[in-house]
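Sequences listed follow chains X and S, in order.
Just so we're on the same page, this note's numbering is the position in the first sequence counted from 1, plus 1181.
Just so we're on the same page, this note's numbering is the position in the second sequence counted from 1, plus 1436.
None of these hints come from the bench; they were simulated from the model.
Since this is a predicted model, take the numbers as computed values, not measurements.
Certain hints may be false.
To be verified - Simulated crosslink set (BS3-like; lysine-lysine; CA at most 30 Å straight-line): (1) S:1575 to S:1452; (2) X:1549 to S:1563; (3) S:1666 to S:1492; (4) X:1549 to S:1492; (5) S:1563 to S:1673; (6) S:1492 to S:1673.
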Amino acid sequence: MAPIEHKTADASKADERIKQVGFLTHMMRRPELGAIAGLILIVAFFFLTADRSMFSLSGAMTILAPASQLGILAIAAALLMIGGEFDLSIGSMVAFTGLIFGVALTNFGQPLWISIIVTMLLAAVMGAINGQLVIRTRLPSFIVTLAFLFILRGLTLVGLKWATGGSTQLRGIGEVAGNGVLKHLFSGVAFQDFFSWLAANGLIEKFDNGVPKVTGVPVSVVWFIAVALLATWVLLRTRIGNWIFAAGGDANAARNSGVPVDRVKTGLFALTACAAALVAIITVLDAGSTDARRGFQKEFEAIIAAVIGGCLLTGGYGSAIGAFFGAIIFGLVSIGLTYTKFDSDWFQVFLGSMLLLAVLFNNFIRRKVTGER
Amino acid sequence: MTDIKAEAAPPVIEVKNIVKHYGSVIALSGVSMTVSQGEVLCLLGDNGAGKSTLIKTLSGVVRPSGGEFLVEGKPVAFTSPRDALDAGIATVYQDLAMIPLMSITRNFFMGREPVKGIPPFRRVDFKHCSEVTREEMHKIGIDIRDPNQAVGTLSGGERQCVAIARAVYFGAKVLILDEPTSALGVAQTSMVLKYIHQVQQKGLGVIFITHNVRHAFAVGNRFTVLNRGKTLGTFAKSEISLEELQNLMAGGKELQALSHELGGTI
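Looking at chain S on its own, in the form it has when it is part of the complex:
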């Protein structure tokens, strides 16, 4: 893969020494990272490492207590998820992305329904919406029988793919994927990973949050490891092995020892 953009363009997202306090709790104590176009940055870390707080900061849900946050080289201060969306940063949450009782089409266009006609007769062109939805889903290899079927009828992997496809369709520059594979089976996971790869090749930046090193290694270009609210380091794929990454993430040698005991299955 040689599609990492030349250094001339500033990274799509750059954060420097981001700090976030919740009262007396320090969730992030100086995290730095960058994401460029056409790159998959994997954000790794065990529970409580600060992954969630970091993505909430990036997606405008919470405001950082300190540090710099640049989008395409310009400093930003988001006050709502809408601001982040407008800046081209789309977040796909693990299970808060889709509404199971609503149709695929209605989910796909939720919050950004195209309208036609003049007020007060403005209406949503659902026929067009359904066509677009089917088209976009077909592009990523998911054949939906009927875009009016409820999202609840889709598998977990398909739901994640619909959520990603929606973000891509609405012109996201950066996708933040919050543990998109953690609740999925093997086949479903590979479907989502394949799609992440596809999105990257389109030139989008992807921040892929996971605690599964294998999933990260399958699609990532670079890996940023978080531990206890700090960045432990960022590594290109060529600089680090899967085992090293695993150990770094677990934060010590104990896991390695345990891994030997269990015959290297962790």
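Bound conformation, chain X alone:
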């Protein structure tokens, strides 16, 4: 390094030894780059092929509502994946916690707040059991949670038939949930006043009677954004975040440096289960009922969204914002095809190809950026 000759007071404070990292390199280093690029491509594709109504406010909400439910799961799955583990039981966990929530409300007649707490606690315990099993047996989490995929799905079916006397659907949850403030935290739409104001001022579309066509943002979308922001902050700015990266990057090296790897992983499993419980509560309250197929195959969709978002299957690398965009891409493609002339049967073909592309792209970028040989 050649010494800098004309140092001003400022320049000596600045990091003169650092070569300015190019904007491009800086961007390339972010794991969510692939997802953002993918999102731009997909939006461009639909812009050319889809009906204009897809890009209206109501079109956006139609896409965001399912994307947000998947996204909450995907972000939790992403954190767990960065921590070096999988959870294939997420989808079944949605069904199982949905059943617990419904039973607590209807069969046991508990108030909403107790039902929510019980559901969340039980989910956390189940998640922690998953985690402890993985850690203590040292089996791959793939196998352990695959077992739970079936166990929980089966328990849900058994429990539903027990609770309803033979049916696979538990109804009447909406009636007993009441109509308090708490319910509006988990169901319906938010910012209604704001949307009414927008409509009144002619800023958004409204019906003839003055009611806006889109009455607000679905609550799940608000949760989705909140979870994404919180997860990103935790990952990038906190000690736990560093521990998650370390636990997934190399559990032994992390342990040698004093990172409580087992506690981090157990916590992540519990968190993933709680995310499933949150989605269960939101969807069950919205539908007013729960059934045995709730959350079906969500585990794969969540993992796909996380991978599209830049998470490495081997752990130690990825981002929550990436999973956020991954879920939106998922929503765009699954709903968007109905706005085009393409048959929506093409959805799975599209999805699979996108996953493959994302993995190839992410691998390439990672090797470039981390100098891995």
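Since the structure of chain X is already known, use the hints to place chain S on it.
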């Protein structure tokens, strides 16, 4: 070099007749050694001599089956690597020290991130961390272009140096280096050896595990040779020649004969 401390202070680490059994396998059958401040003790031994078990014992990964383990004159019984770290014993493993996908800064502070703010808003001051990392790396003559670059972009020697610098920064009294040079090229090796020397001059005790006698001889003050779970002896640098050390380590005359055959190149 005259900076070996007077005998008044107890050695930083002293083990007496340490024994370790794994079931019916005897990994260590009575190993004794001491390390003082400002000293590089080289631990030499061929494969299977018990070097790894000894350092695992010292760093709290395994518990000894018997014998005495004193840190600064006081007996200790570590139950985890964390205990050893807290007692000032830091171990740098050959390839388990750094996480390639994480940035240099994140690796440097891994497990000991400084936090600010009040819970639940406690966060890591990564700006400060990056400054410290760059500063510490500069001190040992490694210019990192950007502390946010992944450790995977560093060379093997640089990675070892980052791991050592991290241990020093966090107040280690003794550094245990597990074959830090075995996977490195010539230039990289001399970089690491130079740094070991620098650490020693700061007054830290260093246990340098290697099976390369030349690397040991370059920086060591004393040499402890292990063979089949036992100490064959400890020698000051003035008491032993490189060749003698080599033979002792290989455990016999055969190597000497072989060495002659090959023209003294081993």
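Going through the hints against the structure:
no.: 1; hint: S:1575 to S:1452; in the structure: violated (37 Å)
no.: 2; hint: X:1549 to S:1563; in the structure: holds (25 Å)
no.: 3; hint: S:1666 to S:1492; in the structure: holds (16 Å)
no.: 4; hint: X:1549 to S:1492; in the structure: violated (36 Å)
no.: 5; hint: S:1563 to S:1673; in the structure: violated (45 Å)
no.: 6; hint: S:1492 to S:1673; in the structure: holds (26 Å)
The structure is inconsistent with the numbered hints 1, 4, 5, although it conforms to all the rest.
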